[in-house]
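Read top to bottom, the protein sequences are chains A and B.
Take the first sequence: its letter number 159 is residue 159 in my numbering, and every next letter is one higher.
Take the second sequence: its letter number 100 is residue 100 in my numbering, and every next letter is one higher.
Accuracy of the hints is not assured; some may be wrong.
Pairs of lysine-lysine residues, derived as DSSO-like cross-links and limited to a Cα-Cα distance of at most 27 Å, are as follows [as the list claims (entries may be wrong)]:
#, chain 1, residue 1, chain 2, residue 2
1, A, K237, B, K119
2, B, K146, B, K129
3, B, K129, B, K58
4, A, K72, A, K181
5, A, K237, B, K129
6, A, K174, A, K285
7, B, K44, B, K146
8, A, K237, A, K9
9, A, K311, B, K44
10, A, K11, A, K174
11, A, K132, A, K114
12, A, K311, B, K119
13, A, K98, A, K11
14, B, K58, A, K285
15, A, K68, A, K150
If you're looking for bench data, these hints aren't it; they were derived computationally from the structure.
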Amino acid sequence: MQRTLEMIKSKCAELLADGTVRAVLAWHDGEFSYDKAPGFFTADDIDSLCYDCTCAPNLSKYLVKEAKKEGKVAVLLKPCDTFSFNQLLTEHRIDRDKVYVITIPCTGKVDIEKIRSMGVRGITSLEENDGKITVHTMYGDKTFDKNDVKLARCFYCKGSANLEADFDAMEEKKAPAETDKLDEVRRLEAMTAEERYDYWRGELSRCIRCNACRNVCPACTCERCVFDNDNSGVAAKANTTTFEENMFHIIRAFHVAGRCTDCGECSRVCPQNIPLHLLNRKFIKDIDDNYGEYQAGMDQGTVSPVTSYTKDDADPSEAAFMKNGGEE
Amino acid sequence: MPMNKNGEYTPLIVAFCCNWCSYAGADLAGTSRLTYPANVKIIKVPCSCRVNPMFVLKAFQRGADGVILCGCHPGDCHYLTGNYYTRRRMTLLFGMLDYLGIERERTRVEWVSAAEGAKFAAVMNDFAKTINELGENRRLEDLRCKEPLK
Numbered sequence: 001m002q003r004t005l006e007m008i009k010s011k012c013a014e015l016l017a018d019g020t021v022r023a024v025l026a027w028h029d030g031e032f033s034y035d036k037a038p039g040f041f042t043a044d045d046i047d048s049l050c051y052d053c054t055c056a057p058n059l060s061k062y063l064v065k066e067a068k069k070e071g072k073v074a075v076l077l078k079p080c081d082t083f084s085f086n087q088l089l090t091e092h093r094i095d096r097d098k099v100y101v102i103t104i105p106c107t108g109k110v111d112i113e114k115i116r117s118m119g120v121r122g123i124t125s126l127e128e129n130d131g132k133i134t135v136h137t138m139y140g141d142k143t144f145d146k147n148d149v150k151l152a153r154c155f156y157c158k159g160s161a162n163l164e165a166d167f168d169a170m171e172e173k174k175a176p177a178e179t180d181k182l183d184e185v186r187r188l189e190a191m192t193a194e195e196r197y198d199y200w201r202g203e204l205s206r207c208i209r210c211n212a213c214r215n216v217c218p219a220c221t222c223e224r225c226v227f228d229n230d231n232s233g234v235a236a237k238a239n240t241t242t243f244e245e246n247m248f249h250i251i252r253a254f255h256v257a258g259r260c261t262d263c264g265e266c267s268r269v270c271p272q273n274i275p276l277h278l279l280n281r282k283f284i285k286d287i288d289d290n291y292g293e294y295q296a297g298m299d300q301g302t303v304s305p306v307t308s309y310t311k312d313d314a315d316p317s318e319a320a321f322m323k324n325g326g327e328e
Numbered sequence: 001m002p003m004n005k006n007g008e009y010t011p012l013i014v015a016f017c018c019n020w021c022s023y024a025g026a027d028l029a030g031t032s033r034l035t036y037p038a039n040v041k042i043i044k045v046p047c048s049c050r051v052n053p054m055f056v057l058k059a060f061q062r063g064a065d066g067v068i069l070c071g072c073h074p075g076d077c078h079y080l081t082g083n084y085y086t087r088r089r090m091t092l093l094f095g096m097l098d099y100l101g102i103e104r105e106r107t108r109v110e111w112v113s114a115a116e117g118a119k120f121a122a123v124m125n126d127f128a129k130t131i132n133e134l135g136e137n138r139r140l141e142d143l144r145c146k147e148p149l150k
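So that you can see chain B by itself, here it is in the shape it has in the complex (with noise of 0.2 Å):
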């Protein structure tokens, strides 16, 4: 279980930001001085439609409590319609979660803009917090990729 150096027990969460959006927005965050918890990993990707279902299972395997993926608003995508088919793909692959009994709070999709560092800083902290509430990933953990106990 990830522990803070208090051991208090903290969530792994992973971000997969759209290199021409959310990536942008979390730098802003950064230079305009704003926190978001630290156990959000970002992953950047060239758009949020390259992220595949796969990515999702494989980030709760090797250990995410929670996981989130970042694109441009709808309309506002560099290629122009990725993230159209990004919604429809997550709407799907969210609901086949939630259907196998995943709760459902620990996967979202947002739509955040290289303008919108505070925006981004929001939603990585209510996302935290959801995922504090909720706890461990208990129901698509990989036993092989957790950390040996000490």
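Next comes chain A alone, as it looks inside the complex (with noise of 0.2 Å):
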């Protein structure tokens, strides 16, 4: 990981000392060392860039605006979000002559909470060594086993990235995980109304309405969204009833349908840990049941079978979820 960090470093500076790009987007250390954000660098700041096991935020959003500025950006890319930088390309939401993307090597990132979790207090960093994490604290050192402490997300990993990368700096070429991420949703399908009804509201009442899942989703990339319109009277303030809590999540999660990575942010950022991307899994299982499996961002250029249609559609009464799943 050291010799990788060095290797983006010195192509970063080599890019920005020859004029290439005027920016690089990477990460930096937040208010922790843990708590990696993400950052714009020139030519001074370089050397404060890093790359490590807690550089989890995807990166790809934030050429959305970046991307309308003159001259080039560079950005560091993990193979998950490749996918969102290919659906945003898609998108027509970022031109890729803009963007000098430079693919990195991820062996999954760590989730700070799971280790606070197990009662490590007074984290001051973090450190990886051959699939151990070895956390530092004030009180000593801990040590994990990696698999212990990874976020949710990386578990269901996509592998490779997909893209023409202009500088690669991947080490070697991985295999997506095999286990399946919409086996969760099969299990909640499972379950009667009434339970899933109860399991549901269980987690989105706790929902705060700190809209973090909506700022962060890099398919979220509307100008003006709907949540924000004055009008609607749900805008900028807290969910007052039951129904506003799950308007809020079923309309924040249909209006990324077909164009949802899986990429997994929503459920990383969410201040009180609402497994959101069960809400967005439902529709890539819908779709995938209904209309073929399809993985947004897989490739550019592909109509998300939301916008699209074929003859032959099953009416929503013959759907594929009417028949599995669920009591009958």
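Work from the hints to combine the two standalone chains into their complex.
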């Protein structure tokens, strides 16, 4: 990892020096070294660029605004971020010529909340060595197996990057994880409607409407969001009733249906730990079951199943979800 | 809770009807003297694909117990392809409502042409019966929109 970081840094320094790019979009330390924040780097501060097991944020969304400005910008994309990037290219949200893509290797990111939930306090920094995570705290060091503290989304890794990079820092190709991301959805679908209602009430009632899930989502790139409309009655305020909780999450997931790459950022940033990705995956599953398997961002220029049709689609009453799962 | 004058529960049903087919179908049902429940409130839309998922949710918020979309038969859309999109969108939306535990019988899509007055009445009677059995919509209600207690 250290060698990769040095390679990325020297490449970025070179790009900035010869004027190919005006800035590099990457991660720097946040308030603590384990909470990385996205940032733009120039030749002056390129040394503070970092990349390790805590660099979870997906950077592709920041390019939407950045690619509209003069000059080129370089970006570091992890394999799963390339899906979001492809999707944004497909939607013409980013001009490919304005971006210098550097694909970087990833072996899974760490979920700091998982470490905290194991009673570790006063964390100062994290270190990764051969599949082990050493947590340095104010009270001494602790070592965890990486699999125990990995982000939930990393268990459903999509494998290697799938776009033509301008500079490829990947060490080797990686196969996608063999876990089936739709298993959790199937488990919920097998419940009765009553149980599902109770389950989602328990989850969604914790929502504080901080809008973090919307703001971080690389598919949510509307200039003006439906939830920012003052006339909607739901703009910039907390949910007041169970209806508003349901509505916000149904509409949020619906608006990215067919475009969601299942990057898992929504669940990662949720301060209330609501499993928001399960809502998106329900749409992914219904699309797969009814209209054929589709992975958003797999290729550039694909047409989303929600903006296309075939003449012999099933009617809603005959669609696949009505037949399998749940009570009959 | 909406009641009729005999004090019996009567559900509120919102029907989004396409201007070019089922709205005329409802008209035909009326001029043919066919009965369908008076608690079906029809909202005319230029095409069934005008109905955005928010409309369906808002209808439930404002007290609907069931929401039905009526559009032209696939292939007969006035705008050629509108109802094909409706079909996909509503499949996904109804799937999500079902996933959140909201009874799947509360939502429905039907294709009713302008010549099918009898079908329109039959569909509405059947839907009203289903909703009557299900009772009040509790899972997507907004208490602020309920009538005050008397």
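So, going through the hints one by one against the coordinates:
1. Restraint check: the Cα-Cα separation between K237/A and K119/B comes to about 44 Å, which exceeds 27 Å; the hinted pair is violated.
2. Between K146/B and K129/B the CA atoms are separated by roughly 22 Å; this keeps the pair inside 27 Å, and the hint holds.
3. About 22 Å separates the Cα atoms of K129/B and K58/B, which keeps this hinted pair within 27 Å; it holds.
4. With a CA separation close to 36 Å, the supplied pair K72/A and K181/A exceeds the 27 Å bound.
5. Distance check on the hinted pair: K237/A and K129/B sit about 38 Å apart at the alpha-carbon level, beyond 27 Å; violated.
6. For the hint pairing K174/A with K285/A, the CA-to-CA distance comes to about 25 Å; that is within 27 Å, so the pair holds.
7. Of the pairs offered as hints, the one joining K44/B and K146/B holds, with about 24 Å between alpha carbons and a cut-off of 27 Å not exceeded.
8. A threshold of 27 Å between alpha carbons decides the hint, and for K237/A with K9/A the separation of about 42 Å lies outside it, so the pair is violated.
9. Taken as a hint, the K311/A and K44/B pair is honoured in the structure, with Cα atoms around 25 Å apart against an allowance of 27 Å.
10. About 23 Å separates the Cα atoms of K11/A and K174/A, which keeps this hinted pair within 27 Å; it holds.
11. In summary, the hint linking K132/A to K114/A is supported, as the alpha carbons are separated by about 15 Å, within the 27 Å threshold.
12. For the given pair, K311/A sits about 23 Å from K119/B by alpha-carbon distance, which is consistent with the 27 Å threshold.
13. Straight-line distance between C-alpha atoms of K98/A and K11/A comes to about 18 Å, which keeps the hinted pair within the 27 Å bound.
14. A hinted pair counts as satisfied when its Cα atoms are at most 27 Å apart, and K58/B with K285/A qualifies at roughly 26 Å.
15. For the suggested pair K68/A and K150/A, the alpha carbons sit about 35 Å apart, so the restraint of at most 27 Å is broken.
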